[in-house]
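J.: Given next are the chains, with one letter for each unit.
Protein chains: 2
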Amino acid sequence: MTISDLFRSDLKVVNIGLTSFKEALDSVGVPAVQVDWKPPVDVDPALLRAVRSHRAQIEAANQKAMAKILAAQPALVGLEKALDVIPGMKPNLILHSGPPITWDRMCGPMRGGIMAALMYEGRAKTPAEAEKLAASGEIEYAPCHEHSAVGPMAGIVSASMPVFLVKNEENGNTAYCTMNEGLGKVLRYGAYGEDVIKRLKWMEQVLYPALKKAVAKLGRVDLKNIIAQALHMGDEVHNRNRAATSLLYRILAPAIVTTSADPKTTADVLEFINKNDHFFLNLSMPASKAGLDAGRNVPGSSVVVVMARNGTDFGVQLAGTGDAWFTGPADVPDALYFPGYTKADANPDIGDSSITETNGLGGFAIAASPAIVQFVGGTADDALNYTRQMYEITAAENSVYQVPALNFRGTPTGIDVVKVVEKNILPFIDTGVAHKEPGVGQVGAGVLNAPLEPFKKAFEGFARTL
Amino acid sequence: MTISDLFRSDLKVVNIGLTSFKEALDSVGVPAVQVDWKPPVDVDPALLRAVRSHRAQIEAANQKAMAKILAAQPALVGLEKALDVIPGMKPNLILHSGPPITWDRMCGPMRGGIMAALMYEGRAKTPAEAEKLAASGEIEYAPCHEHSAVGPMAGIVSASMPVFLVKNEENGNTAYCTMNEGLGKVLRYGAYGEDVIKRLKWMEQVLYPALKKAVAKLGRVDLKNIIAQALHMGDEVHNRNRAATSLLYRILAPAIVTTSADPKTTADVLEFINKNDHFFLNLSMPASKAGLDAGRNVPGSSVVVVMARNGTDFGVQLAGTGDAWFTGPADVPDALYFPGYTKADANPDIGDSSITETNGLGGFAIAASPAIVQFVGGTADDALNYTRQMYEITAAENSVYQVPALNFRGTPTGIDVVKVVEKNILPFIDTGVAHKEPGVGQVGAGVLNAPLEPFKKAFEGFARTL
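Order-wise, the sequence lines are chains A and B.
Letter 187 of the first sequence, counting from 1, is numbered 168 in this note's numbering, and no numbers are missing.
Letter 296 of the second sequence, counting from 1, is numbered 277 in this note's numbering, and no numbers are missing.
Keep in mind that a hint or two might mislead.
Since the list gives no way to pick out one identical chain from another, each pair is judged satisfied if it fits inside one copy or across any two copies.
Claimed, not checked - Below, computed lysine-lysine pairings styled on PhoX-like, alpha-carbon distance capped at 20 Å:
id : residue 1 : residue 2
1  : K198      : K256
2  : K(-7)     : K3
3  : K182      : K245
4  : K3        : K193
5  : K245      : K194
6  : K166      : K324
7  : K182      : K45
8  : K182      : K438
9  : K400      : K45
10 : K400      : K19
It is worth saying that the hints were derived from the structure and are not from the lab.
Please work from the sequences and hints to get the whole structure.
T.: Printed below as a string of structure tokens:
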């Protein structure tokens, strides 16, 4: 058949790629089917060939990394001050979310969070003093992730902040995270008002000792078990933590009652947790971190062990590329904005909480939590489809973390950067949204796909190790 | 075309009714499609005509009943001793689940529960004494449902038992239910050992005063809100109450702490609730009862306001037939049996807990709780299909009680006995399973369809009122 024969016959078209071709055919009544396919990400062909020629070796390395990640047994084993436990912590060091960044490139909410921390630490009396000190060079900054820690949103950890100790009992490593402050005007969203500092002081002086005593009495709290149950109860433990917070509360409450100084303290502590359905987020994050850290430093593995944003850059680390960060600009999420705010007020995506997605939770498990998709106008079927798509780019399924609506299938776990590039499908992330100016706080919550650039760079960096 | 022409041509068959016809055609390679249809229930044709000629009137009456049922605002407003609050309660009266029944026809677990109650009340010292007294004629028996009450399994309520007061704040009526004892060897499953009585005494002397003070401090606990949330968290509030119990616990705990006599009592009370994920069942039941009672006595309505089993008979009451009971034998459920037990040990279906299904919850909302279907070898899709089928026989949807996996569709609510008969689809019920002998306790949990006979009789009784 020649080309001219082809166009003389009745056309039946299968279109791959740009949908505009199909739309043109639709408009003139030619039957056409659209295939849901995108070309691979445009990367150096030599690097793509290098990866493809090492396919079996990469697969074996990925299975090794995934075995360690899936075997993780995260448990809450205690609370301490950051200075006393976080490796490398010191009085003039402030940890932040995402990849490394200098003060001059930091976004508004991260600056606001640092200012709040400096006032909380008593190193500054006013926001102006705090801002001056922050930029003076006296204060050092480093990513939480480089200190076995994670932090939601701005992710600020300063020396005297209490932190949860979450131990991966299978591997022996520990991850750290501050306690969740609640919603609205809070440090992690960049707010630094008097009420913010006052709440942090109450958390240090009342909440922390109460929880520390309760956890000491309990010995350990099995976080893997709570997360597994919460996924059966409508949580994805990133943007929805209502069930996990409830289950944790039930475990903690009797221990708080029996170890507490007095009934007033007990009641205040219980009410603080009861009023904050996100209290568990600061445990689902280090639980994920403690597992993923066990999968680090597996040569030849293309599995993502960190996705994190500092509100300016989105950074990725791989099991097979050591401590290298691969970064690109962070995007502004689609969101349900609080009354009075719009996307124009929103800071680009920020926080280490995407460690949950990196661990097969959050957006990867959103089929277990369709209420989140409803926020942004989606349906329960959309939620199923988001999770289904993530199986395309992951290396394994977590048999303990299951999605009831997918007939209890394990969550898609372990993002394989090779699949991301070859299929051109980007990780789906649930997120909170901070105001772009310091001092304001949260303005919404929503969803987005990770940006392409860090994954493209990670692929290239990985390919060069082969 | 004549019959002989028909059989000379190639057959393409649409089969309605018995599947064996299709199977015969399949075996000889004739294309055949099976339509999922059953003939209507075989009822007196005159009565069927009577109902069909009053279709519009029945529909209007049903909408009136449903408006009252759906508008219900059930709230926990207090706890009191049964004798002090339940209408018509007296010292020698024992309430039981299901339709009316005499001692000689009662099943093993109901007899066991009554024996436990008589020992708990101090009217008998040994099981033998209790059995003798129970059969002596000194003790009167009546259904919970005839005293604005409901009880799970044997449903036993005696004079000094504490009960929850659940008020329908929209309509003003109140429903009553005892507190849940936990699983295993408990009164409601027919056990009467020393540990059973000891637990009931602790509940009366420690748990009851603590909860009474806490609820008094709170004023009210909104049960409609808790149930609505729990359906988003994997509960159907009949066989699964983990989320609802957790949410209730979070509300009660701070109030218990601040009103409690001492920290030991507080801790014991919290641990008791924490160890029993079914604690909320004894609130979802009166919450359903309080709503459905508002829909009673609507002439011309074919809506079911009670489905209840006494372990011998399954009974139905309708909005349009006053206090009449329509009964038939109760079936033995399909179940997951505890180790060491089989279906041969099981008592026929028992308890007032099917008031949840009558209110669009439990088996009617099982799509929200697929883990229950997994118990008995089913899949998440089976759970969706059970709920979808219940829309066929219900008069309305509850916009507050929603099923996430059906894109937040309201639960199918208000069983219409006309639809049950015309479509020959029977209500789907989740249930616990009691050992058939008194003194043993729970042996499993499962699902079943309601028996046909009570619905057939209810239809006929209803038709005669027209």
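J.: Sort out which numbered hints this structure fails and list those numbers smallest first.
T.: 4, 7 and 8
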